[in-house]
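S.K.: Protein chains in written order, with our numbering: chain A, 1 to 206; chain B, 1001 to 1070.
Be aware that a few hints might be false.
Claimed, not checked - Derived SDA-like pairs (lysine to any residue); straight-line CA-CA distance at most 25 angstroms:
id, chain 1, residue 1, chain 2, residue 2
1, B, Lys-1036, B, Leu-1049
2, B, Lys-1015, B, Asp-1068
3, B, Lys-1015, B, Thr-1030
4, B, Lys-1015, B, Glu-1067
5, B, Lys-1015, B, Val-1027
6, B, Lys-1036, A, Asp-203
7, B, Lys-1036, A, Glu-197
8, B, Lys-1036, A, Val-198
9, B, Lys-1015, B, Val-1004
10, B, Lys-1036, A, Gln-199
11, B, Lys-1036, B, Leu-1048
12, B, Lys-1036, A, Ser-202
13, B, Lys-1036, A, Ala-107
14, B, Lys-1036, A, Glu-204
15, B, Lys-1036, B, Gln-1020
16, B, Lys-1036, B, Arg-1006
17, B, Lys-1015, B, Ser-1028
18, B, Lys-1015, B, Met-1001
19, B, Lys-1036, B, Ala-1022
20, B, Lys-1036, A, Ile-5
21, B, Lys-1036, B, Ala-1012
22, B, Lys-1036, A, Asp-201
23, B, Lys-1036, B, Gly-1050
Hints in this document: simulated from the structure, not taken from any laboratory.
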Amino acid sequence: MTARILDWLLTAVLMLAVAASVIALAFVIIAPLAGQPLDAGYSVRLEAATDARSDAGGAHADIRQGSLIVTGAGLVADLFRAADVLVTGALWIAAIWMLRRVCRQVASHRPFAPDTTRGLTLAGVLILLVPAWQAVRALVWQVILFPHAPAETTLIHTFARVPEGGALRMMPDIDAGLLVAGLVLLVVAQAFRVGAEVQRDSDEIV
Amino acid sequence: MRIVVRIDEMMARRKMSLNQLAAEVGVSTTNLSLLKNGHVRGVRFNTLLGICRALDCRPGDILDIEEDEE
C-alpha cells in the first residue's frame, strides 16, 4: 500500500471517527434531557459462586463472569458517560490525526525527520492512553458511580442469581491489542529517531 | 584537535571561483561553501577527489589539522 493510499484511508477513518464522536456525544447529551434513560453494558465478575452449574460427567462449572446492563444511573453517571465519549473520541481522533501527519511526512520522501519521530511517539502514547482510560472508567463506575446510583437505576445481569453476600465486580474491558499497538508505535518511533540521526549525518556530509 | 579545510587558499592560487569549482566538482555552491567554512561533518572520497582534480592538488593540500584553542 502506497503512502498516498494510506493517507486517503486515514483521512476517511479520521472523518468517520469525528462523525461517530459527534453523534455519540449528541446522543448521550440529548437522550437524558429528553427523559430517555441510557443503557450501558459492562463485563462483570461475580465474587461468590452462583448456583448456575452445568453438571456433565461429574464435572461442574461455576459461572463467575457475565455482563451487566445499567439503565438510568443518575445525572453524575450521565455526565460521566458524556465525558467518556469526549475523552475516548478525542484520543482516537488525535491518534489518527498524528498517524495521518506521519504518513504525509513519509510520502514527502524524507521520512527520517524529527517531526516523524515526534508524531509516531505521540500517536503511540495516545493509543496507550485508550486502554488506560478504559481502566480508569471501570474504576470510576465501580468505586464512585455504582455505590451512589439512585434507587430508580435498573441493573440487569446475566447470572442466574446473585447469592447472599455475593458482589458484582466490574471488569476493566481493557483492549490488550491497543496496548501492543501503542508499544509497537513507540518502538517504530525509536527506529525513526535513529534513522533521523543517520539522515542528519548524511545531510551534513558533502 | 580538529580537521580544517583550506580550499580557499588553493582556489586563490588557481584563481578559481566557488561557482566554477562547484560546477567542476559537481556539487552545489551551497554545499561547497559549507565545506569551505567548516560547517560540515565530513566529506565523501569522490567529492575530495573531484576537488583535488579541479584544483590540481593532493588531499593534504586542502585538509589540515588544527589544535583547539584553550
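S.K.: If a hint holds in the structure, say so; if it does not, say that too.
M.R.: Each hint tested on the structure:
no., hint, verdict
1, B/Lys-1036 x B/Leu-1049, "15 angstroms, holds"
2, B/Lys-1015 x B/Asp-1068, "30 angstroms, violated"
3, B/Lys-1015 x B/Thr-1030, "19 angstroms, holds"
4, B/Lys-1015 x B/Glu-1067, "29 angstroms, violated"
5, B/Lys-1015 x B/Val-1027, "19 angstroms, holds"
6, B/Lys-1036 x A/Asp-203, "16 angstroms, holds"
7, B/Lys-1036 x A/Glu-197, "23 angstroms, holds"
8, B/Lys-1036 x A/Val-198, "23 angstroms, holds"
9, B/Lys-1015 x B/Val-1004, "21 angstroms, holds"
10, B/Lys-1036 x A/Gln-199, "22 angstroms, holds"
11, B/Lys-1036 x B/Leu-1048, "12 angstroms, holds"
12, B/Lys-1036 x A/Ser-202, "18 angstroms, holds"
13, B/Lys-1036 x A/Ala-107, "34 angstroms, violated"
14, B/Lys-1036 x A/Glu-204, "13 angstroms, holds"
15, B/Lys-1036 x B/Gln-1020, "14 angstroms, holds"
16, B/Lys-1036 x B/Arg-1006, "7 angstroms, holds"
17, B/Lys-1015 x B/Ser-1028, "19 angstroms, holds"
18, B/Lys-1015 x B/Met-1001, "30 angstroms, violated"
19, B/Lys-1036 x B/Ala-1022, "11 angstroms, holds"
20, B/Lys-1036 x A/Ile-5, "44 angstroms, violated"
21, B/Lys-1036 x B/Ala-1012, "13 angstroms, holds"
22, B/Lys-1036 x A/Asp-201, "18 angstroms, holds"
23, B/Lys-1036 x B/Gly-1050, "14 angstroms, holds"
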